[in-house]
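There are 2 protein chains.
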Amino acid sequence: MSLTVVGSVAFDALETPFGKRDKILGGAGTHFSLSASFFTEVNVVGVVGGDFSDAEWEVFRRHHINTDDVEVIPDGKTFFWSGRYEYDMNTAHTLDTQLNVFETFDPKLSERSKTADVLFLANILPTLQKQVREQCGAARFVAMDTMNFWITSMKDALLETIKVVDCIIINDAEARQLTEEPNIHKAAKKILALGLKAVVIKRGEYGATLFTDDSYFVCPAYPLETVFDPTGAGDTFAGGFVGYLAAQKEITDETLRRAMIYGSVMASFNVEEFGTERVDRLEYHEINKRFGDFKRMTHFDEIPFERGISA
Amino acid sequence: MSLTVVGSVAFDALETPFGKRDKILGGAGTHFSLSASFFTEVNVVGVVGGDFSDAEWEVFRRHHINTDDVEVIPDGKTFFWSGRYEYDMNTAHTLDTQLNVFETFDPKLSERSKTADVLFLANILPTLQKQVREQCGAARFVAMDTMNFWITSMKDALLETIKVVDCIIINDAEARQLTEEPNIHKAAKKILALGLKAVVIKRGEYGATLFTDDSYFVCPAYPLETVFDPTGAGDTFAGGFVGYLAAQKEITDETLRRAMIYGSVMASFNVEEFGTERVDRLEYHEINKRFGDFKRMTHFDEIPFERGISA
Numbered sequence: 001m002s003l004t005v006v007g008s009v010a011f012d013a014l015e016t017p018f019g020k021r022d023k024i025l026g027g028a029g030t031h032f033s034l035s036a037s038f039f040t041e042v043n044v045v046g047v048v049g050g051d052f053s054d055a056e057w058e059v060f061r062r063h064h065i066n067t068d069d070v071e072v073i074p075d076g077k078t079f080f081w082s083g084r085y086e087y088d089m090n091t092a093h094t095l096d097t098q099l100n101v102f103e104t105f106d107p108k109l110s111e112r113s114k115t116a117d118v119l120f121l122a123n124i125l126p127t128l129q130k131q132v133r134e135q136c137g138a139a140r141f142v143a144m145d146t147m148n149f150w151i152t153s154m155k156d157a158l159l160e161t162i163k164v165v166d167c168i169i170i171n172d173a174e175a176r177q178l179t180e181e182p183n184i185h186k187a188a189k190k191i192l193a194l195g196l197k198a199v200v201i202k203r204g205e206y207g208a209t210l211f212t213d214d215s216y217f218v219c220p221a222y223p224l225e226t227v228f229d230p231t232g233a234g235d236t237f238a239g240g241f242v243g244y245l246a247a248q249k250e251i252t253d254e255t256l257r258r259a260m261i262y263g264s265v266m267a268s269f270n271v272e273e274f275g276t277e278r279v280d281r282l283e284y285h286e287i288n289k290r291f292g293d294f295k296r297m298t299h300f301d302e303i304p305f306e307r308g309i310s311a
Numbered sequence: 001m002s003l004t005v006v007g008s009v010a011f012d013a014l015e016t017p018f019g020k021r022d023k024i025l026g027g028a029g030t031h032f033s034l035s036a037s038f039f040t041e042v043n044v045v046g047v048v049g050g051d052f053s054d055a056e057w058e059v060f061r062r063h064h065i066n067t068d069d070v071e072v073i074p075d076g077k078t079f080f081w082s083g084r085y086e087y088d089m090n091t092a093h094t095l096d097t098q099l100n101v102f103e104t105f106d107p108k109l110s111e112r113s114k115t116a117d118v119l120f121l122a123n124i125l126p127t128l129q130k131q132v133r134e135q136c137g138a139a140r141f142v143a144m145d146t147m148n149f150w151i152t153s154m155k156d157a158l159l160e161t162i163k164v165v166d167c168i169i170i171n172d173a174e175a176r177q178l179t180e181e182p183n184i185h186k187a188a189k190k191i192l193a194l195g196l197k198a199v200v201i202k203r204g205e206y207g208a209t210l211f212t213d214d215s216y217f218v219c220p221a222y223p224l225e226t227v228f229d230p231t232g233a234g235d236t237f238a239g240g241f242v243g244y245l246a247a248q249k250e251i252t253d254e255t256l257r258r259a260m261i262y263g264s265v266m267a268s269f270n271v272e273e274f275g276t277e278r279v280d281r282l283e284y285h286e287i288n289k290r291f292g293d294f295k296r297m298t299h300f301d302e303i304p305f306e307r308g309i310s311a
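Keeping their order, the protein sequence lines are chains A and B.
Under our numbering, the residues of the first sequence are numbered 1 to 311, in order.
Under our numbering, the residues of the second sequence are numbered 1 to 311, in order.
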């Protein structure tokens with residue numbers, strides 16, 4: 001089983017009420033691949049500049065992530081994003097975005113990346129997502145992310161891309177914006193009707209919800225008293241979700257449900273520290289323990305109520 | 001097993017995007033007792049005016065609710081509330097409130113009401129809640145509601161009342177306001193520390209969460225494409241939650257979890273039609289079917305992940 005992800009590999013500068021970092025490893029492709037690497041073999045497709053140093057490559061190496069398809073443009077600079085969070089950690093205030101080498105990103109997939117049986121298209125230009133998807137004809141499961149910017153500026157192209165994937169993982173505001181439907185259940189059904197097998201709606205501190213044609217599954221968020229840095233939480237969720245599925249023989253209702261939990265487990269670790277710091281040193285026993293916590297948070301026995309004075 | 005509830009019995013005038021009603025049966029005591037009546041014997045303690053007609057009494061009779069302690073003030077008028085909902089059903093816009101006979105409500109509990117083994121104090125003056133609680137010394141489980149108005153205007157009295165009950169059922173904004181703590185998990189722990197056995201936080205379309213000293217349980221909301229009228233949803237939740245517990249030999253972590261689900265089941269029916277209309281004609285097979293839906297919405301098998309290339 002192998003998994004290819006196409007997305008940004010970046011430097012972030014972050015400020016939260018708990019501290020700051022001037023230049024740390026970030027990007028959707030990074031967070032996704034690090035998270036997915038706990039479950040399966042990962043190829044990451046991206047682009048960086050000459051400023052990408054051995055310390056960053058080492059994070060990928062440590063997790064056996066194949067970076068052969070991360071193009072290096074020696075005289076370019078790596079994508080840089082700077083953001084600040086107030087106590088309301090749901091909203092990132094962008095201070096600076098320098099696309100740099102990412103502006104002309106032209107994903108080049110090796111044979112190994114093209115033949116992966118699962119593909120994740122992180123948030124990039126919808127037309128690029130579609131091109132990559134078409135190069136990976138053998139993939140048995142393709143999932144994608146997107147963002148409000150593309151829904152506003154390239155909705156038609158985005159819809160064409162959605163039609164050629166199996167699953168979309170977006171947040172509730174994006175689902176509402178995409179469908180112009182305020183009710184999240186109606187919105188999810190409209191998106192499913194584009195031809196998807198699964199729609200995953202991320203709802204921040206309220207968890208995430210899975211919609212398929214014949215199933216509906218709700219996964220809560222892990223109860224955290226402090227969210228240290230939410231950057232990359234969505235990509236880390238997607239990495240756990242798609243990575244777990246890539247490691248399964250079959251994608252069924254049962255494996256999709258567990259994938260939702262693994263996605264939530266991974267995201268809950270991600271937000272405990274800055275950037276990739278926490279997931280980078282995560283261990284399996286911690287993942288499995290937290291998976292058990294999710295079971296205890298949601299489990300109840302089904303015992304029908306039998307008496308009733310007004311029966 | 002029997003259950004006493006003290007709270008408002010009222011007339012409501014409602015306007016929603018789906019229609020309107022000029023004068024229908026409402027009030028926290030009404031919604032609660034109707035919901036709880038599916039699980040146990042219920043005594044309701046309240047006050048109405050001479051305008052309360054046989055059609056209203058018949059709703060209580062149909063559900064075998066004991067109304068002996070609903071005082072009738074023949075020359076008074078029943079509490080009247082008029083509200084309007086826009087498409088955002090989370091916010092009720094109050095058009096008119098006429099407290100009428102409820103303004104001088106002085107709960108008078110018969111021996112039968114006093115000796116019930118479970119008590120629910122719906123949202124009334126905190127000092128009155130405490131007086132009632134003290135009259136029901138034999139109750140093995142006492143739960144209460146409150147509202148933002150009392151948190152602002154009578155916080156000290158409210159805290160004294162909370163200290164003499166076992167469980168509080170409030171919404172997330174109220175929990176934050178009461179504790180001045182934005183993080184809902186920290187807020188719930190602060191409230192628990194007042195001496196409660198259980199804190200239930202209602203989160204509207206995101207469901208409800210149970211906090212005890214050694215357990216944390218998340219119950220999603222039922223996925224509804226249309227919320228017709230949310231009036232009374234919180235009291236109907238409380239009626240299912242407390243009513244189910246009153247019917248159990250023991251209040252344990254297991255029964256509390258199932259009570260959360262029954263509360264959510266009952267609330268999900270309540271919002272499907274105006275006022276008490278849907279719950280009034282609800283049948284047991286519908287309740288048990290929807291309980292099963294909640295199981296399917298949340299169930300997954302715990303299978304630890306065993307391999308990992310970076311292990």
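Treat the hints as calculated values from the structure; they're not laboratory data.
Keep in mind that the hints are not guaranteed to be accurate.
Which copy is meant is left open, because identical chains are indistinguishable; a pair holds if it fits in one copy or across any two.
[Said to hold, decoys possible] Straight-line distance between alpha carbons at most 30 Å, and here's what the computed DSS-like set of lysine-lysine pairs gives:
#	residue 1	residue 2
1	K186	K289
2	K295	K189
3	K295	K23
4	K130	K108
5	K20	K189
6	K130	K20
7	K190	K289
8	K108	K190
9	K114	K289
10	K186	K20
11	K295	K197
12	K249	K155
13	K114	K163
14	K108	K155
15	K295	K114
16	K295	K186
17	K108	K186
18	K289	K108
19	K289	K189
20	K163	K189
21	K189	K23
22	K190	K77
23	K114	K155
24	K249	K295
25	K23	K197
26	K130	K289
27	K114	K249
Practice task
Against the structure, test the hints numbered earlier, and report the numbers of the ones violated in rising order.
Solution key: Of the numbered hints, 3, 6, 8, 9, 12, 15, 17, 18, 21, 22, 25 and 26 do not hold.
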